[in-house]
Amino acid sequence: MDKFDKLTGIAAPMPLVNVDTDMIIPKQFLKTIKRSGLGVNLFDEMRYDRQGNEIADFVLNQTQYREAEILVAGENFGCGSSREHAPWAIKDFGIRCVIAPSFADIFYNNCFKNGILPITLPQEQVDVLMKDAEKGSNARMTVELEAQTVTTSDGETLSFEVDSFKKHCLLQGLDDIGLTMEKAGAIDSFEKSAAAERPWV
Amino acid sequence: MSPKTLYDKIWDAHVAHEADDGTCLLYIDRHLVHEVTSPQAFEGLRMAGRKVRAPEKTIAVPDHNVPTTAGREDPKNMTEDSAIQVAALDKNAKDFGIHYYPVSDVRQGIVHIVGPEQGWTLPGMTVVCGDSHTATHGAFGALAHGIGTSEVEHVLATQTLIQKKSKNMKVEITGRLRPGVTAKDITLSVIGHTGTAGGTGYVIEYCGEAIRDLSMEGRMTVCNMAIEGGARAGLIAPDEKTFEYVQGRPHAPKGAKWEAALAWWKTLYSDDDAHWDKVVTIKGEDIAPVVTWGTSPEDVLPITANVPSADDFEGGKIGAAQRSLDYMGLTPGTPLREIEIDTVFIGSCTNGRIEDLRAAAEVLKGKKVKVKRAMVVPGSGLVRAQAEEEGLADIFKEAGFEWRLAGCSMCLAMNPDQLSEGERCASTSNRNFEGRQGYKGRTHLMSPAMAAAAAVTGRLTDIREMN
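These protein sequence lines map, in sequence, to chains A and B. With my numbering as the guide, the letters of the first sequence map in order to residues 1 to 201. With my numbering as the guide, the letters of the second sequence map in order to residues 202 to 668.
Hint data in this document are derived by calculation from the structure and do not stem from the laboratory. Among the clues, some could well be false.
Claimed, not checked - Some chain B residues near chain A, calculated using beta-carbon distances under 8 Å: (1) L226; (2) V237; (3) I363.
To be verified - The calculated lysine-lysine pairs, modelled on BS3-like cross-linking and capped at a C-alpha distance of 25 Å, are: (4) B/K366 - A/K183; (5) A/K34 - B/K277; (6) B/K458 - B/K442; (7) A/K192 - B/K467; (8) A/K3 - B/K365.
To be verified - Which bits of chain B does chain A cover? Going by a derived footprint, with three or more residues having C-beta under 8 Å, they are: (9) 273–287; (10) 327–334; (11) 398–409; (12) 449–463; (13) 608–618; (14) 631–640.
Predicted, not measured: the structure shown is a model, and the values here were computed from it. Each residue gets a CB set at the ideal place from its N, CA and C atoms; glycine is no exception.
Turn these sequences into a full structure, and let the hints guide you.
In structure tokens form, the structure reads like this:
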């Protein structure tokens, strides 16, 4: 997995609540058997018309946000399905960090498996970042995972919370399965005792 | 011992390893797999030279993108990309030696209907699937939730998940339901009450007299939509109804194992003085037959209400409500019962079981549909067969419904069953998101009886007015 440590980049404002996974990547793009190549279809139905032409006022189609690496959004971002195609599409587009007042549980977890940092901040602080993002491409935000901070283009620094284990894995780019395999002994002994206690499973 | 919730008990029984910071390896008893969220996970195993650790606990069935029309066993009758995904699942099931129900098998169906039907889902288990509606299995008092594809690969390889414990939330529905009110109205009303993020960070236990009174199928409908309320999982303590439903199913325990299982299952309830981090109580008698008007499952109103205006909301929801009204093509103040419907969809893991079809057929008996298109998609081949045996299929067909083969179908419209632009649908599914049932399609969520009533009148209809 790609590491995430520090990122300075353009932030795109998306002041919508309940951005769901069907918006992020509509179902017609779930028929792939690969993880890559979904960035072009990120937010497909908001980004293109039926003929495939770009919808000019959609944020990621605007000149100043085409190279955005951070997304600032409303509450409950990523609600809906478990499709990991959503973070795959976000990553493939080039966005490495999403900031919102709250995230849906499965989407939030899926981000960490793909080198994307989801940052939860109180609404008032997200409002500050949203305003900063609205300034366009001259306003670059900086996200530092080790320090757990976001710094606006004006130099205002906000702190965020993140689970220590998830932070460690993201900073190091660690593979979860490899880590768990190191605990195979614990799984073996659990399996043995569970089979004795609940033989019907 | 300190008092525990049902969730605490199941959690504690499945922790294989706990790190100092509370990060746990949670052992998984059942892993359900479908064609859309698994190909990359199996590919990951192959690349790393890994095996499926517990193939006997892994069950696969194609459901999301399979056509629901005749002849689908022939890949030529699928779109090319769907056929590739189904062929990949065929191959992965065979190569890795996991249980498999192909489309040609009468037991094939929606993964969350097949699991309980075949007795794979049992009380006190941990159940996961690369699908958010895995919460359905919580109806058995199992800890069940959706996972992403990386986690699917993790479970395939290690039979565990890396997890931190969620908080405990109690949703109590007291007293009795009024006539015409169903499990779907309960679950939609709860989401309307708590919002789509109200359960974020929690596992919900549904309890109270109105929940106890529900059948197992009704309980599955309630738990199914726990995810729409933001919760990691929803569950209901097992009782005699649960045990009766499970007993005798193909993969349910038998003989001495059944007795041992039953003894443990009977300990699976929340202790009286257990700690709850959040409690929501709703009176059963206050719940009306409801429909959704917007593009979020929290946009719930009694069928007797009018379309709201954006001014009725606060904060970020003002803009969201306006966007929903525009998308849905609705004018504030319009009575919901005057909204005309083009299409009716009865099916999905929320409402594709036999009792759902019975409830819809009851309304449709001797009547004709007034909508352009109406379809019933049974949740499994076995549900379909039973409905045919009970004469329900004839009622649907005579009313003008299409009688389809089992699958997810128009719930997420990955297969050819889709709404066209602007088409308005009365649907028994679980999500009314923009584009969910087809590009620019408009979805109103409701119970099977209400969807059937809408089919007959051609508009959103109060089931209590049907004779």
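Against the structure, the hints:
Interface hint status for B/L226: upheld, as the beta-carbon distance to the closest one in chain A is roughly 6 Å, under 8 Å. Interface restraint check for B/V237: the shortest CB-CB distance to chain A comes to about 5 Å, inside 8 Å, so the restraint holds. This hint holds: B/I363 has a C-beta 6 Å from the nearest C-beta of chain A, less than the 8 Å allowed. Between the alpha carbons of B/K366 and A/K183 the distance comes to roughly 19 Å, so the proposed pair stays at or under 25 Å and holds.
Under the criterion of a C-alpha separation no larger than 25 Å, the hint pairing A/K34 with B/K277 is consistent with the structure, at around 22 Å. Taking the CA atoms of B/K458 and B/K442, the gap is about 19 Å. The hint holds against a cut of 25 Å. For a cut-off of 25 Å, the pair hint linking A/K192 to B/K467 stands: about 23 Å separates their Cα positions. The straight-line distance between the Cα atoms of A/K3 and B/K365 is roughly 22 Å, inside the 25 Å bound, and the hint therefore holds.
Check on the region 273–287 of chain B: 5 of its residues sit with their Cβ under 8 Å from a Cβ of chain A, so the three-residue criterion for coverage holds. Counting residues of the region 327–334 of chain B whose CB lies closer than 8 Å to any CB of chain A gives 3, so the stated coverage by that chain holds, three being the minimum. Chain A is given as covering the region 398–409 of chain B, and this holds because 3 residues of the stretch bring a CB closer than 8 Å to a CB of that chain, at least three being needed. Given a C-beta distance limit of less than 8 Å, the hint that chain A covers the region 449–463 of chain B holds, as 5 residues qualify and 3 suffice.
Given as covered by chain A, the region 608–618 of chain B passes the check, having 3 residues with a CB less than 8 Å from a CB of that chain where 3 are the minimum. Using a Cβ-Cβ cut-off of 8 Å, 6 residues of the region 631–640 of chain B lie near chain A, which meets the minimum of three, so the contact claim holds.
The structure agrees with every numbered hint stated previously.
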